[in-house]
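**Q** Here is what each chain is made of, one letter per residue.
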Amino acid sequence: MNSRVFRRAIALVTTLMAGASASLAMAQEAAQATTAEGSPIAAATVEAAAAVPDPGNNAWMMTATVLVLLMILPGLALFYGGLTRSKNMLSTITQVGGAACLAMLIWVMWGYGTAFGPEGNAFFAWGNYFLSAVTPETTAATFSDEVISEYVFVSFQMTFAAITAALVLGATVERLKFSAAMLFTAIWLTIVYFPIAHMVWAGGGLLFEMGALDFAGGTVVHINAGVSALVLAMFLGKRRGYPAEPMPPHSLTLTLVGAGLLWVGWFGFNAGSELEADGIAGLAMINTFVATAAGALAWMLMERFAGHKGSALGFASGLIAGLVAVTPAAGNSGPFGAIVLGIVASVVAYFAVARIKGRLGYDDALDVFGIHGVAGIVGAIGTGIVYSPALGGPGDAAEYAMGSQITTQIVAVAVAVVWAAVGTVIAALLVRLLTGLRVSEEVEREGLDIGEHGERAYN
Amino acid sequence: MKYIIVVIKPFKLDEVREALGSVGVAGMTVSEVKGFGRQKGQTEIYRGAEYSTNMLPKVKLEIAVSDDLAAKVVETIQQTASTEAIGDGKIFVLDLVEATRIRTGETGDTAL
Chain E
1386 MNSRVFRRAI
1396 ALVTTLMAGA
1406 SASLAMAQEA
1416 AQATTAEGSP
1426 IAAATVEAAA
1436 AVPDPGNNAW
1446 MMTATVLVLL
1456 MILPGLALFY
1466 GGLTRSKNML
1476 STITQVGGAA
1486 CLAMLIWVMW
1496 GYGTAFGPEG
1506 NAFFAWGNYF
1516 LSAVTPETTA
1526 ATFSDEVISE
1536 YVFVSFQMTF
1546 AAITAALVLG
1556 ATVERLKFSA
1566 AMLFTAIWLT
1576 IVYFPIAHMV
1586 WAGGGLLFEM
1596 GALDFAGGTV
1606 VHINAGVSAL
1616 VLAMFLGKRR
1626 GYPAEPMPPH
1636 SLTLTLVGAG
1646 LLWVGWFGFN
1656 AGSELEADGI
1666 AGLAMINTFV
1676 ATAAGALAWM
1686 LMERFAGHKG
1696 SALGFASGLI
1706 AGLVAVTPAA
1716 GNSGPFGAIV
1726 LGIVASVVAY
1736 FAVARIKGRL
1746 GYDDALDVFG
1756 IHGVAGIVGA
1766 IGTGIVYSPA
1776 LGGPGDAAEY
1786 AMGSQITTQI
1796 VAVAVAVVWA
1806 AVGTVIAALL
1816 VRLLTGLRVS
1826 EEVEREGLDI
1836 GEHGERAYN
Chain F
9 MKYIIVVIKP
19 FKLDEVREAL
29 GSVGVAGMTV
39 SEVKGFGRQK
49 GQTEIYRGAE
59 YSTNMLPKVK
69 LEIAVSDDLA
79 AKVVETIQQT
89 ASTEAIGDGK
99 IFVLDLVEAT
109 RIRTGETGDT
119 AL
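Chains as they are written, first to last, in the working numbering: chain E, 1386 to 1844; chain F, 9 to 120.
Note that these hints are calculated values from the structure, not bench results.
Bear in mind that the values here come from a model prediction, so they are computed numbers and not experimental data.
Cβ atoms here follow ideal geometry from the backbone N, Cα and C, with glycine treated the same way.
Please note: incorrect hints may appear among the correct ones.
To be verified - Restraint-style ranges between C-beta atoms, simulated for each label pair: (1) E:Pro-1628 / F:Asp-75: 45 to 55 Å; (2) E:His-1838 / F:Lys-42: 48 to 58 Å; (3) E:Pro-1628 / F:Lys-42: 17 to 27 Å; (4) F:Lys-42 / E:Gly-1743: 53 to 63 Å; (5) F:Pro-65 / E:Arg-1830: 20 to 30 Å; (6) F:Ser-60 / E:Pro-1774: 45 to 55 Å.
Said to hold, decoys possible - Below, simulated EDC-like cross-link-like pairs (lysine to aspartate or glutamate); rule was C-alpha separation at most 16 Å, straight line: (7) F:Lys-10 / F:Glu-52; (8) E:Lys-1694 / F:Glu-52; (9) F:Lys-10 / F:Asp-103; (10) E:Lys-1694 / F:Glu-58.
Claimed, not checked - Short derived list, chain E residues pointing at chain F, Cβ under 8 Å: (11) Pro-1631; (12) Pro-1634; (13) Ser-1636; (14) His-1693; (15) Ser-1702; (16) Arg-1740; (17) Gly-1743; (18) Leu-1745; (19) Gly-1746; (20) Asp-1752.
Can you build the whole structure from these sequences, using the hints too?
**A** Given below as structure tokens:
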């Protein structure tokens, strides 16, 4: 059955049933009935039923969704795992995987309802818990007249919640209990992630209505995760021996494998956020190439300017900084704006990680704040600049006012920073009360792999 | 008999082995080792954080030779392993009390 016929079949069924849900058997029957090209009934119903998912868009969005899963397992797991010491490799990848799985389950229980539910105010939504109102026939709006299947949209958004929860834990590896990581994930998603996702992406949300530009989650994912990571890391305290003892990454090879997988997956993240397979998705795609390339090389150049050698870890760090910076701008910038954004974010993140972190003395173990938080803030504010049509961005030349857009971006960043910080303090306090945050000194010295999971990464 | 312990730069191993073969050394034991001398290690930098690693990778050779060959062996190693740069390594010569070939039970020079 070709896709056009299937579309017509669904359209016909939808019309005939007048909004009632149709069974798959009936859809197939209807499809057979309308196989004859140019049937008057089919021709009439195609126009009447605009709100039918285009299979091409659905197919792209399902692909984008699994690409984001690729970012989590194995992408983020290997990226983070390689950066830790070998005695904490398994605990790091288990925390990433565990947090992502828990986020998926919570997402279908109350996450989707809290972020995109049918009822709501500027901060939260509600209703549709346990996906009670979602069926194969229900649809989610995109940015045009097109729609996509709601299950696809629910899954796509689910992967965002999952990776954001896992991202946070990078700052606290090598000392946070597994039970604490799980409990924190559950509470943090509920009081921090879902409300911010609602504020930025849902109709009626505070920042959405304000006109804040966040194409693929610079504010929701990266600033949110970065700030939360910093607060949780400060709450938890430094690793024993930090910064006096050397704690070099145990496998930069795996870190680079992870970084590469993150880049691949990020196309699902950024180009998928258009929710359609159209030209803007193409724009997001090329921006995700060039901003990242620029960020990777810019970090290595910074290392040279600082009198060191250009390093593989610098390459990987700049790559992530470029990806993070282009996330809010993916569909909101021209390719050359994206390149500038990648370079600026990489340079600023370099200073945050190599200079400021050491002076302030917090132990953000894998630089979640230094790279995701800082590059995310640069990207979010910079999006207000590169959106300008004068700089090759897709903004409307007649209406675009850069000053007010930048102000809106800054307000959105500030709201996200404060919400994430306050919410994380509440979540951390609750977790400390219920499970405790840190492993014992003995477990920390021996490594969390044996102490928390009873297995070794390398034998 | 002499027992000669040599620490050299890893990339010099093949050259030294070849030269020793040509002066009549019948066997040697090679290990990959780490250590430091006047070179004092090197600095590694990860995302701007500096770690000084004191230990550098080297290769250690252990060679047992007869007394009359020892001086020639030391001279050969010194000449082939030198790059005239810091970190070329050292040669230690020890008196060797006894040697026994396990397969045959031969002892002394004939066991070497």
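**Q** Next, verify each hint and record whether it holds.
**A** For each hint, the structure was consulted:
Remark: the range hint 45 to 55 Å for E:Pro-1628 to F:Asp-75 is upheld by a beta-carbon distance near 54 Å. With their beta carbons about 30 Å apart, E:His-1838 and F:Lys-42 fall outside the hinted range of 48 to 58 Å. In this structure, E:Pro-1628 and F:Lys-42 meet the distance hint of 17 to 27 Å, their C-beta atoms being roughly 24 Å apart. At about 28 Å, the beta-carbon gap between F:Lys-42 and E:Gly-1743 misses the expected band of 53 to 63 Å.
Distance hint for F:Pro-65 and E:Arg-1830: a CB-CB separation of about 27 Å, consistent with the stated range 20 to 30 Å. Under the hint 45 to 55 Å, the C-beta atoms of F:Ser-60 and E:Pro-1774, about 52 Å apart, fit the expected range. This hinted pair does not check out: F:Lys-10 and F:Glu-52 have alpha carbons roughly 39 Å apart, beyond 16 Å. Simply put, E:Lys-1694 and F:Glu-52 have alpha-carbon atoms about 10 Å apart, close enough for the 16 Å limit, and the pair holds.
Distance check on the hinted pair: F:Lys-10 and F:Asp-103 sit about 5 Å apart at the alpha-carbon level, within 16 Å; holds. Under the criterion of a C-alpha separation no larger than 16 Å, the hint pairing E:Lys-1694 with F:Glu-58 is consistent with the structure, at around 12 Å. Using the Cβ-Cβ criterion of 8 Å, the hint placing E:Pro-1631 at the interface with chain F is satisfied: the shortest such distance is roughly 4 Å. For E:Pro-1634, the interface hint holds, the least distance from its beta-carbon to any beta-carbon of chain F being 6 Å, beneath 8 Å.
Hint on E:Ser-1636 is violated. Least Cβ distance to chain F is approximately 12 Å, over the 8 Å limit. Because the closest C-beta pair between E:His-1693 and chain F is about 5 Å apart, less than 8 Å, the hint holds. Because the closest C-beta pair between E:Ser-1702 and chain F is about 6 Å apart, less than 8 Å, the hint holds. Contact between E:Arg-1740 and chain F, as hinted, is supported at the beta carbon level, the nearest pair being about 7 Å apart and thus within 8 Å.
Restraint check, E:Gly-1743 versus chain F: the minimum CB separation of about 7 Å is within 8 Å; hint holds. Interface restraint check for E:Leu-1745: the shortest CB-CB distance to chain F comes to about 13 Å, outside 8 Å, so the restraint is violated. The closest approach between the C-beta of E:Gly-1746 and any C-beta of chain F is roughly 12 Å, which is over the 8 Å cut-off, so the hint fails. For the restraint placing E:Asp-1752 at the interface with chain F, the shortest Cβ-Cβ distance is roughly 6 Å, inside the 8 Å limit, so the hint holds.
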